[in-house]
Amino acid sequence: MNEHTVKAFDADIVQLRGLISQMGGLAEEAIAESLQALQRSDLARAEQIRAADKAIDAIAAQVEQLAVQIIALRAPMAVDLREVVAALKIASVVERIGDYAKNIAKRVPLIDGEHRIEPVSILPAMGRMAADMVRGALDAFAARDIQAAMRVRESDVALDDFYDSIFRTLVTFMVENPKTITQVAHLLFVAKNLERIGDHATNVAEMVYFAATGTRMAERDRGNREGEATWRA
Amino acid sequence: MIASPSPTATMPPPKMTARDVCVAYGDKTAIDHVSIDIEQDRVIAFIGPSGCGKSTFLRTLNRMNDTIASARVAGDIRLDGQDIYAPEMDVVQLRARVGMVFQKPNPFPKSIYENVAYGPRIHGLARGKAELEATVERSLTRAGLWNEVKDRLSDSGTALSGGQQQRLCIARAIAVDPEVILMDEPCSALDPIATAKIEELIHELRGRYAIAIVTHNMQQAARVSQRTAFFHLGTLVEYGATSDIFTNPRQERTKDYITGRYG
Numbered sequence: 001m002n003e004h005t006v007k008a009f010d011a012d013i014v015q016l017r018g019l020i021s022q023m024g025g026l027a028e029e030a031i032a033e034s035l036q037a038l039q040r041s042d043l044a045r046a047e048q049i050r051a052a053d054k055a056i057d058a059i060a061a062q063v064e065q066l067a068v069q070i071i072a073l074r075a076p077m078a079v080d081l082r083e084v085v086a087a088l089k090i091a092s093v094v095e096r097i098g099d100y101a102k103n104i105a106k107r108v109p110l111i112d113g114e115h116r117i118e119p120v121s122i123l124p125a126m127g128r129m130a131a132d133m134v135r136g137a138l139d140a141f142a143a144r145d146i147q148a149a150m151r152v153r154e155s156d157v158a159l160d161d162f163y164d165s166i167f168r169t170l171v172t173f174m175v176e177n178p179k180t181i182t183q184v185a186h187l188l189f190v191a192k193n194l195e196r197i198g199d200h201a202t203n204v205a206e207m208v209y210f211a212a213t214g215t216r217m218a219e220r221d222r223g224n225r226e227g228e229a230t231w232r233a
Numbered sequence: 001m002i003a004s005p006s007p008t009a010t011m012p013p014p015k016m017t018a019r020d021v022c023v024a025y026g027d028k029t030a031i032d033h034v035s036i037d038i039e040q041d042r043v044i045a046f047i048g049p050s051g052c053g054k055s056t057f058l059r060t061l062n063r064m065n066d067t068i069a070s071a072r073v074a075g076d077i078r079l080d081g082q083d084i085y086a087p088e089m090d091v092v093q094l095r096a097r098v099g100m101v102f103q104k105p106n107p108f109p110k111s112i113y114e115n116v117a118y119g120p121r122i123h124g125l126a127r128g129k130a131e132l133e134a135t136v137e138r139s140l141t142r143a144g145l146w147n148e149v150k151d152r153l154s155d156s157g158t159a160l161s162g163g164q165q166q167r168l169c170i171a172r173a174i175a176v177d178p179e180v181i182l183m184d185e186p187c188s189a190l191d192p193i194a195t196a197k198i199e200e201l202i203h204e205l206r207g208r209y210a211i212a213i214v215t216h217n218m219q220q221a222a223r224v225s226q227r228t229a230f231f232h233l234g235t236l237v238e239y240g241a242t243s244d245i246f247t248n249p250r251q252e253r254t255k256d257y258i259t260g261r262y263g
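These protein sequence lines map, in sequence, to chains A and B. In terms of my numbering, the first sequence opens at residue 1 and continues consecutively. In terms of my numbering, the second sequence opens at residue 1 and continues consecutively.
Incorrect hints may have been included.
Claimed, not checked - Derived pair list, reagent style SDA-like, types lysine to any residue, alpha-carbon separation capped at 20 Å:
| hint | chain 1 | residue 1 | chain 2 | residue 2 |
| --- | --- | --- | --- | --- |
| 1 | A | K7 | B | K28 |
| 2 | A | K7 | B | R261 |
| 3 | A | K89 | B | T247 |
| 4 | A | K89 | A | D57 |
| 5 | B | K28 | B | D66 |
Read the hints as simulated data drawn from the structure, not as lab findings. No experiment lies behind these values; they were computed from the predicted model shown.
In isolation and in its complexed conformation, chain A is listed as follows:
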């Protein structure tokens, strides 16, 4: 994109995009870390993740402040306006993703480390998939790449399938061994959180598409998820 005649405008936009990338990186890290902490029952690390979430929240507040400042002082138009609006929305979505990771970390001390059930070991794979979507959506934002944004949305279908299969497995555990119910209930929330992270990454991808094109991603391209989502409320 050409530079603005007023160079300080470009500097503001660069700073805004930098903040989004930074908080996206932190959120992505928090997802991976929370699942490692879960798998290893690492209480210290779980505590660190909860503290690190404050950094994400602080950047979200900075994005909000800078976006309002740009709107007030630069009166952005067209693609610039869409980009600032997208940055505002993306910041609140990424902040939410951070909250889900923090919520996973909060469950680490609640899950009995001695008698952990087998599905705990496949949750990190689901976590990687969710974190990849978050990274993909934020890379798409950084590169203004609508093809990459579309791919993120497509991969949400796979993440949903992953969630469905884990859900079934966990229900089976509860049926077969009621002693696992407390642990499994927590794991169900963990899986659900990861599934929601995928939805949020998809929202980010949709904002990237909107910022770049000025139109919303077509509904028909979102995949027919509603009809088959019998497990998800």
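Use these hints to put chain B onto chain A, whose structure you have.
Frame of chain A, contents of chain B only:
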């Protein structure tokens, strides 16, 4: 190339139509095949960098370019379907129907009352003193100036503030009951408060007249108009709903201009 808003069945015919309008000053082309509709009850803003032809185009709509010896106008411009460049068109009559407000307020060096009464009097629009007085009051009221000047109508028009002078010029333009009002940067010599008053006035006048405004202030175009036309190098680059032009322009040149990336 020109994406004019698609007419719907319920929309009245445009107040003015311009088709393939070309203007040249000597051998220099200023406007190159511009076609556009001026719709009733709507404000259309002409935007573009200096020298893009927007003011020249505006001035073809009431034949102000006739006063420039080297200017030649080609193409077809109609007011209610009537060719305004036809030999039988009375130019004085045309300019009463298509009024104009200029960048710099230019009241006559006469009283406030005379500034407004002059037009209706020479056009024979008022019978008797009482009717003329009513016309002056109505015009000043519509221009949002009546309450400020009603007790000093015999003061000179040039004694008013810049913003008041501009509203006086608007009152003068609407006193002859025009159908279209052309405004050529009406606020560029005014402070923000006077500008806001003119913008509010444009909103109020919209239901009564078709209005075309040339402005360098894109925020102003965004605020006052429903349609925006972007001119560049004498051509009409893009024309559409103001909300679309400022959020999602289709043409690269429009985008660069309104986002401040031009040149």
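So, going through the hints one by one against the coordinates:
For a cut-off of 20 Å, the pair hint linking K7/A to K28/B is broken: about 34 Å separates their Cα positions. Distance restraint check for K7/A and R261/B: the Cα-Cα separation of roughly 10 Å lies within the 20 Å cut-off, and the hinted pair is therefore satisfied. Note on K89/A and T247/B: the hinted pairing holds, with a Cα-Cα distance of about 17 Å set against a maximum of 20 Å. At roughly 14 Å between alpha-carbon atoms, K89/A and D57/A fall within 20 Å of each other, so this suggested pair holds.
Taking the CA atoms of K28/B and D66/B, the gap is about 16 Å. The hint holds against a cut of 20 Å.
Against the hints set out earlier in the document, a violation occurs for number 1 only.
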